[in-house]
Amino acid sequence: MRVRYLAATLLVVMLAVAASTASGGTSRSQADKIVVWLQVDAQNGWPEAVALANRNFKAQHPDVDVDVQYQTWGTHLAKFDAALAGNNAPDVIEMGNTEMTKYMAAGAFKSLNRSVFPNNKTWLQGLTGSCRYNGKLYGVPYYAGARAVIYRKDQYKAAGVTGTPKSLAEFVADGKRLMKKYGKGGDYSALYFPGKYWLGSMSFVYDYGGQIAVRKNGKWQGSLNSPKALQALTQLKSAVKALSRANKTGDEANPQQALVFAKGKVGSFFGNGWEWPYALDEKVGNPSLAPVVGAYPMPSHTKGKFMPTFLGGSDLAVPVTTKNQALAVDWIKAFTSTAAETEIAKTGNIANTTKLLALNAANPKLAPFARAAKFSWFVPTSPNWVNVENADVIQNMLIKIFTGRASVKAAANSASSQITRILNSGA
Amino acid sequence: MVTVAESEYPLASRRRRRFSRQRIGRGLAPYALLAPAAAVIGVILAYPLYLLVSLSFQKYGLFELIRHKGRGIGVDNYTRILHDSQFWQVLGRTVLFTVVAVSLTMVLGTAIALLLVQVSRFMRLALTTGLVLVWATPVVVAVNIWHWMVDFEFGVANYALTKLHLGDFIRHDWFESPWSGFGVITALVVWGAIPFVTITVYAGLAQVPQELLEAAAIDGARPWSAFREVTLPLLKPIFVILISLSIIWDFQVFQQIWIMLDQRPASDYYTMAIYAFSQSFRLSEYGLGSAIAVVMVLFMFLATIVYLRQMLKAGEVH
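As given, the protein sequences belong to chains L and E, one line each in that order.
Each residue of the first sequence is one higher than the one before, counting from 12 in our numbering.
Each residue of the second sequence is one higher than the one before, counting from 10 in our numbering.
Incorrect hints may have been included.
[Stated by the list, open to error] Straight-line Cα separation of at most 20 angstroms, DMTMM-like style, residue types lysine to aspartate or glutamate; simulated pairs:
{"hint": "1", "chain 1": "L", "residue 1": "Lys-164", "chain 2": "L", "residue 2": "Asp-292"}
{"hint": "2", "chain 1": "L", "residue 1": "Lys-90", "chain 2": "E", "residue 2": "Glu-185"}
{"hint": "3", "chain 1": "L", "residue 1": "Lys-248", "chain 2": "E", "residue 2": "Glu-73"}
{"hint": "4", "chain 1": "L", "residue 1": "Lys-276", "chain 2": "L", "residue 2": "Glu-400"}
{"hint": "5", "chain 1": "L", "residue 1": "Lys-121", "chain 2": "E", "residue 2": "Glu-73"}
{"hint": "6", "chain 1": "L", "residue 1": "Lys-274", "chain 2": "L", "residue 2": "Asp-198"}
{"hint": "7", "chain 1": "L", "residue 1": "Lys-344", "chain 2": "L", "residue 2": "Asp-74"}
{"hint": "8", "chain 1": "E", "residue 1": "Lys-172", "chain 2": "L", "residue 2": "Asp-198"}
{"hint": "9", "chain 1": "L", "residue 1": "Lys-274", "chain 2": "E", "residue 2": "Glu-162"}
{"hint": "10", "chain 1": "L", "residue 1": "Lys-248", "chain 2": "E", "residue 2": "Asp-182"}
[As the list claims (entries may be wrong)] To be clear about the criterion: a stretch of chain L counts as covered by chain E if any three or more of its residues have a C-beta under 8 angstroms from a C-beta of chain E, and this derived list gives those stretches:
{"hint": "11", "segment": "70 to 81"}
{"hint": "12", "segment": "90 to 96"}
{"hint": "13", "segment": "111 to 117"}
{"hint": "14", "segment": "255 to 261"}
{"hint": "15", "segment": "265 to 275"}
{"hint": "16", "segment": "391 to 404"}
Read the hints as simulated data drawn from the structure, not as lab findings.
Idealized CB from N, CA, C, for every residue including glycine.
Using the sequences and the accompanying hints, generate a full structural model.
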């Protein structure tokens, strides 16, 4: 009996010692790896730029590995919060420009010295604005994107549409002609527009002079129920009803709209510059469509003008929990170098520096997006803005409108009061 | 029971002392054996539970998260929840969902268990294998498969239903209306829950003495009455346990809704678990999310206790 007890005790002690020493062995030493979080857009759209940056970084720091982990827009913030709480946040993170304010206000990033970064004197003003808070710089502009209509030139021609529409009314009329020619099966969309595509939908609102929220007397007031916004939403609802057979409760990334376009039952879609080459991708797209795809800026309801497009963009930031700030800064320098930014711009994005804007304007594939970028809108600049995005307020409003479950006015009223509440909630 | 041992005690006091020392040793042994497991469970469950409750009394947003330090605000989180109309809507929806899902699970599970008794050995084997395979599939995998089956553009369930001339389901959005969406989700949850209920009830049915059923049949009882008068009372303890477990599990349903709706469920699809998660991780209000979770736990605890008391009182389980 006593021998058995002794053996059992020894076993337990051995296990305890083994367990405690095992956990101690895996702590990251100062300089052998950095972790970078980029979005899948980079993985799909410009992997060469990432590879270029990694090569240059490795040349500078031969014994440091770069672990690039790709995130999706819908989940990366929750993961980032969990990583911040657990003290294992990445060394570099890509943040959307609408997401920056909340995290800068909460002190999530290290402040950076502008002068060490390439092309810092010619950074795009709009993007740089999203990296600054209380006079300090907390991020580096990475790239911007504008949306335009990407379309099938052959289908337009076959349906009798000449040229490209110069006003929204012409656009809808042309779309109806496309629907008449191709829409018999019930699965063809002249304009593929999923219900939750709020970035596309709000372009209509801003085109008619409405806004998501306005600032009055130091407080935010949701304004999607203003007369101008209601008019825009009504026009949007009728256009989508006539021209789109996309899922009314889906969004533009699931399934990826460029890939649906590549399958051939879509006349046009409202997408970013990089979605054009993505639709022609060898592995997941349809390369044979290359000669018949074109793009033009979405026309405004006012003839001759363009609809404002959301000036989306990403910034690169260094989380405050990092132990490798110098390495992180060096990686960002490599990834925003002129060479890497040129690669990023080549796929249809707007590079972070005005020096490369001419590159886009000269290329017929990129010119429509550069033109569209001249008229842009942005979200309300409140630290609580990203909570409105996270709560899916605008998406839910759009679903109600497109599925007819609520009138435009009722859905907009509900969304506006939610936006007012979230934007004004005390920090 | 107690009366048997007592009869030994009127003997000599020396023998009584020897008995009591052995009795204490024997009495302590079970606790000693349980202690390590209890300690592990305590550490894994008790500490997070303590943290959850203390978090529910704090303001803990992104700012506090980065500094790892919250700000005590008393019961503000609780008052905020109880005054929020969305909370009551979500609670009502979760209760309705739980009632429907648990009822369907129990009825269908018991029906299949009764079927298992009647069929041939081969069919029983086939059916049991099917049930075990369903049970063994990880939830996330199963939900992803169902997600693909009812997909808007390419769902194979839509295709099959259309081919069977049950209507036109091509490019049918099951989740456009919350009623139809919850129909799909309930089907998914019940499908996943049936194997456990069926196999447990089947095992319980094996305890029902055949003679009682035969006697009931001889007395002219129809199958339904035989079930109600003979089988059901004998299975009552098992049903009590299964229903309590099902209530607890279905009240906390999260993954099915989350994955089916691409991790962005509309507010019409919020159940308590999703509401708590969304408050915490989407809106970075960890204190508020914790308060919702605590309310959830209390509610489930109350519901189960009330139900158990009722069952035990009514049944006087032997």
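Status of the hints after comparison with the structure:
1. L:Lys-164 with L:Asp-292: This hinted pair holds, its Cα atoms lying about 18 angstroms apart.
2. L:Lys-90 with E:Glu-185: violated (28 angstroms)
3. L:Lys-248 with E:Glu-73: violated (42 angstroms)
4. L:Lys-276 with L:Glu-400: violated (30 angstroms)
5. L:Lys-121 with E:Glu-73: holds (17 angstroms)
6. L:Lys-274 with L:Asp-198: holds (12 angstroms)
7. L:Lys-344 with L:Asp-74: holds (18 angstroms)
8. E:Lys-172 with L:Asp-198: holds (17 angstroms)
9. L:Lys-274 with E:Glu-162: Within the cut-off at roughly 12 angstroms; holds.
10. L:Lys-248 with E:Asp-182: holds (18 angstroms)
11. 70 to 81: Not satisfied, violated; 0 residues make the cut.
12. 90 to 96: holds (count 4)
13. 111 to 117: holds (count 4)
14. 255 to 261: Coverage by chain E holds here, the residue count being 5 at a Cβ distance below 8 angstroms.
15. 265 to 275: Contact hint for the segment 265 to 275 of chain L vs chain E: holds, 3 residues under 8 angstroms.
16. 391 to 404: holds (count 4)
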